[in-house]
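Based on the hints, put chain B in the right spot on chain A.
Sequence lines, in order, name chains A and B.
For the first sequence, our numbering gives the first residue as 21, with consecutive numbering after it.
For the second sequence, our numbering gives the first residue as 26, with consecutive numbering after it.
Some clues are possibly wrong.
[Said to hold, decoys possible] Here are some, though not all, of the chain A residues that point toward chain B, as calculated from beta-carbon distances under 10 Å:
1) Lys33
2) Pro45
3) Ser51
4) Ser199
5) Thr229
6) Lys294
7) Phe296
8) Leu298
[To be verified] Capping the alpha-carbon separation at 30 Å, the derived lysine-lysine pairs in BS3-like fashion look like this:
9) B:Lys160 with A:Lys36
10) A:Lys36 with B:Lys152
11) B:Lys152 with A:Lys33
12) A:Lys40 with B:Lys160
13) A:Lys33 with B:Lys88
14) B:Lys78 with A:Lys40
Simulated from the structure, these hints should not be mistaken for lab results.
Ideal Cβ positions, reconstructed from N, Cα and C, are used throughout, including at glycine.
Take a look at the letters that make up each chain.
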Amino acid sequence: MNAPLTAAALAAKDFKSDYKPVWCPGCGDYSVLSAITKALATLGLRPENVAVISGIGCSSRIPAYTTCYGFHGVHGRALPAATGLKAARPDLTVLVASGDGDGYSIGGNHFLHACRRNVDLTYIVMDNHVYGMTKGQPSPTTEPDWSSKLAPGGTGLREFHPLVIALASGANYIARGFSGDPNGCAALIAEAVRHPGFSFVEILSPCVTFRPEQREWKQAVRPSPVAPTDDPARAARRLMTDDGFNLGVLYKGSRPPFAGAPAAPTHAVQDLEKGFEL
Amino acid sequence: MSARSPAAAQAYDYAEFMARAYAIELEATERYAQFAEQMEAHNNPEVAALFRKLSGFEALHAKRILGEMGWVDMPALPPPLAWEGGGEGPETAPFEALHYLMQPYHALELALRCELQALEYFEGIAKRDVPAQVKAAALDMAAEERLHAALIRDWMQRVPPPAEGWDEDPDPPRMNE
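Bound conformation, chain A alone:
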């Protein structure tokens, strides 16, 4: 009698592709990649059942570095692509990778509506408070007084507060991690995947090239002093007074995720193609 066909449990390295990352040595994104692969292994998933969708930027290179299905999409448009994929293929685990420029500026509007729709996605934003890939322009989360050649004297603009925005827009799970603690990030990501609905994990991920002072973040971060809450009002009070360095799960909601099934096709593909014939 044949032995039952059972798949062996995979290790984190089984989720890493043969493409070698080209991030700057010391970049926090290496750690986030490690955290994602560890989380997928811990969850007992298989690469063929996971899709990693991204936009543009250093952080958005991640899909190529995994063995999962991937889509390196258009700047700021990772969430619409991921939403479409999850709606069409609810059986897949869909992770979305982004950065603070891609996710909060160019893709800011999609961020609001992805939270509102509450599709079962895990959105991982590597926040380094700068546009690293394009040589150090201020991003939405850059401090107003961060002075550089490209923004002498700083922008003078108040920072975007992504966790507050996510809560107000309806995200169902909100957490913050730090790339200096890859296993801590892996635990947050694994929990985010397990939690139904739109899960948002912000990971402070230093840009050692354009913001070398961020190496000091490891002295600033601390575990959140309070347990996660499912009360949006309490979470709002916490997040509004948060200094950006409290780590852990900050909100776990119970809003049911979007459950729309793909509609039955009303037209044959061939008929649609005919409409485009010249």
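Frame of chain A, contents of chain B only:
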């Protein structure tokens, strides 16, 4: 952020202790190999070669544990998230320690720090109320890490320490200063 505390809170039996020791070596092997790749990608072949060597040493230690235990393959490892406080294994160098212009001396400094962390970890276990077999194995491991630390210190004597301004790049990637 989680601390790299020297000893785990839970009790071990011998096989679990050895599985953890194996996991420590394996994680260090993989991390040094990743560092070598990063240095190769950034045209720092000297440091890349050094990280490859360190990765090879850690792989040998891992293999020796497999041999000692009579394990033909990887044992059931402790969950990857189960290191103390969620941190990484005590011999795993942190990603943020790298710089694209780093020199062999820096890599050895990093390796020394990792060996000393591993030494502290194993000494911490040996001091606890653990089975005699675990205590003896932890003391052996600690002795081995002490020896590795001494070897790295010797190695550092033969490598020039970095001159002031080692991280100055005449053609830097950044343009915003």
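Hint check:
{"no.": "1", "hint": "Lys33", "in the structure": "7 Å, holds"}
{"no.": "2", "hint": "Pro45", "in the structure": "4 Å, holds"}
{"no.": "3", "hint": "Ser51", "in the structure": "5 Å, holds"}
{"no.": "4", "hint": "Ser199", "in the structure": "7 Å, holds"}
{"no.": "5", "hint": "Thr229", "in the structure": "6 Å, holds"}
{"no.": "6", "hint": "Lys294", "in the structure": "49 Å, violated"}
{"no.": "7", "hint": "Phe296", "in the structure": "43 Å, violated"}
{"no.": "8", "hint": "Leu298", "in the structure": "46 Å, violated"}
{"no.": "9", "hint": "B:Lys160 with A:Lys36", "in the structure": "36 Å, violated"}
{"no.": "10", "hint": "A:Lys36 with B:Lys152", "in the structure": "38 Å, violated"}
{"no.": "11", "hint": "B:Lys152 with A:Lys33", "in the structure": "34 Å, violated"}
{"no.": "12", "hint": "A:Lys40 with B:Lys160", "in the structure": "40 Å, violated"}
{"no.": "13", "hint": "A:Lys33 with B:Lys88", "in the structure": "18 Å, holds"}
{"no.": "14", "hint": "B:Lys78 with A:Lys40", "in the structure": "19 Å, holds"}
This entry does not satisfy hints 6, 7, 8, 9, 10, 11 and 12, going by the numbered hints stated previously.
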